[in-house]
Amino acid sequence: GESVGLHLPTLSVQEGDNSIINCAYSNSASDYFIWYKQESGKGPQFIIDIRSNMDKRQGQRVTVLLNKTVKHLSLQIAATQPGDSAVYFCAERQGGKLIFGQGTELSVKP
Amino acid sequence: NAGVTQTPKFRILKIGQSMTLQCAQDMNHNYMYWYRQDPGMGLKLIYYSVGAGITDKGEVPNGYNVSRSTTEDFPLRLELAAPSQTSVYFCASSPGHLGYEQYFGPGTRLTVT
Numbered sequence: 005g006e007s008v009g010l011h012l013p014t015l016s017v018q019e020g021d022n023s024i025i026n027c028a029y030s031n032s033a034s035d036y037f038i039w040y041k042q043e044s045g046k047g048p049q050f051i052i053d054i055r056s057n058m059d060k061r062q063g064q065r066v067t068v069l070l071n072k073t074v075k076h077l078s079l080q081i082a083a084t085q086p087g088d089s090a091v092y093f094c095a096e097r098q099g100g101k102l103i104f105g106q107g108t109e110l111s112v113k114p
Numbered sequence: 020n021a022g023v024t025q026t027p028k029f030r031i032l033k034i035g036q037s038m039t040l041q042c043a044q045d046m047n048h049n050y051m052y053w054y055r056q057d058p059g060m061g062l063k064l065i066y067y068s069v070g071a072g073i074t075d076k077g078e079v080p081n082g083y084n085v086s087r088s089t090t091e092d093f094p095l096r097l098e099l100a101a102p103s104q105t106s107v108y109f110c111a112s113s114p115g116h117l118g119y120e121q122y123f124g125p126g127t128r129l130t131v132t
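The listed protein sequences correspond, in order, to chains A and B.
Read in my numbering, the first sequence has 48 at position 44, and its numbers run on one by one without any break.
Read in my numbering, the second sequence has 57 at position 38, and its numbers run on one by one without any break.
Simulated from the structure, these hints should not be mistaken for laboratory data.
Among the clues, some could well be false.
Far from chain A by the CB rule (all over 12 Å, computed), these chain B residues [claimed, not checked]:
#1 37
#2 87
#3 89
#4 105
Stretches of chain B that chain A covers, calculated by requiring three or more beta carbons in the stretch to come under 8 Å of a beta carbon on chain A [said to hold, decoys possible]:
#5 59-66
#6 119-128
Cβ coordinates follow ideal geometry from the N, Cα and C atoms, glycine included.
Input sequences plus hints: build the corresponding full structure.
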């Protein structure tokens, strides 16, 4: 069936480096995508979203890129900080529902 | 604003017991959602509501019931707890359906033994 998945379940980066978290989706009809951050023991927190009519959107230290040709979504975090350590989920809007991916755990080494 | 609050934080149930997970939001959002999150997995939608008095099934509704008598509250009921319902449950609200940011509560960790 259609699904959202992540290429890497874990990612370890050095503090100050840039992080890139990837997500593959399989439903070409999905029109909206969201990235969430979930810290240990807490609920997910919205980071940034993008609609399918865009290929790039920037926030504060984060950028989301959407490549509809290969059905790929990525989250870039600039100058990664220890506070960025968390699990990051992508989600796609599909058939009136949000479908969440498995998540990637980002670990930032000081 | 407290945002989205959930009670209890933790609960252990025996098989066959019932309980209600409470969720409340003070942002006057029409849309509210219940998700479950199994270890190492993404969130799966159980039920959602588009406003007081209106609820609909999500992806995994079996074994659960909901009600929405007010805009603020959206309780989730487990009637006959089963080990398969061991999970972390998150409630969320948003000002619009999907296409808008969802605000999540801190979660309820439920164990059924």
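Evaluated hints:
no. : hint    : verdict
1   : 37      : holds, 24 Å
2   : 87      : holds, 18 Å
3   : 89      : holds, 21 Å
4   : 105     : holds, 17 Å
5   : 59-66   : holds (count 6)
6   : 119-128 : holds (count 7)
Checked against the numbered hints above, the structure violates none of them.
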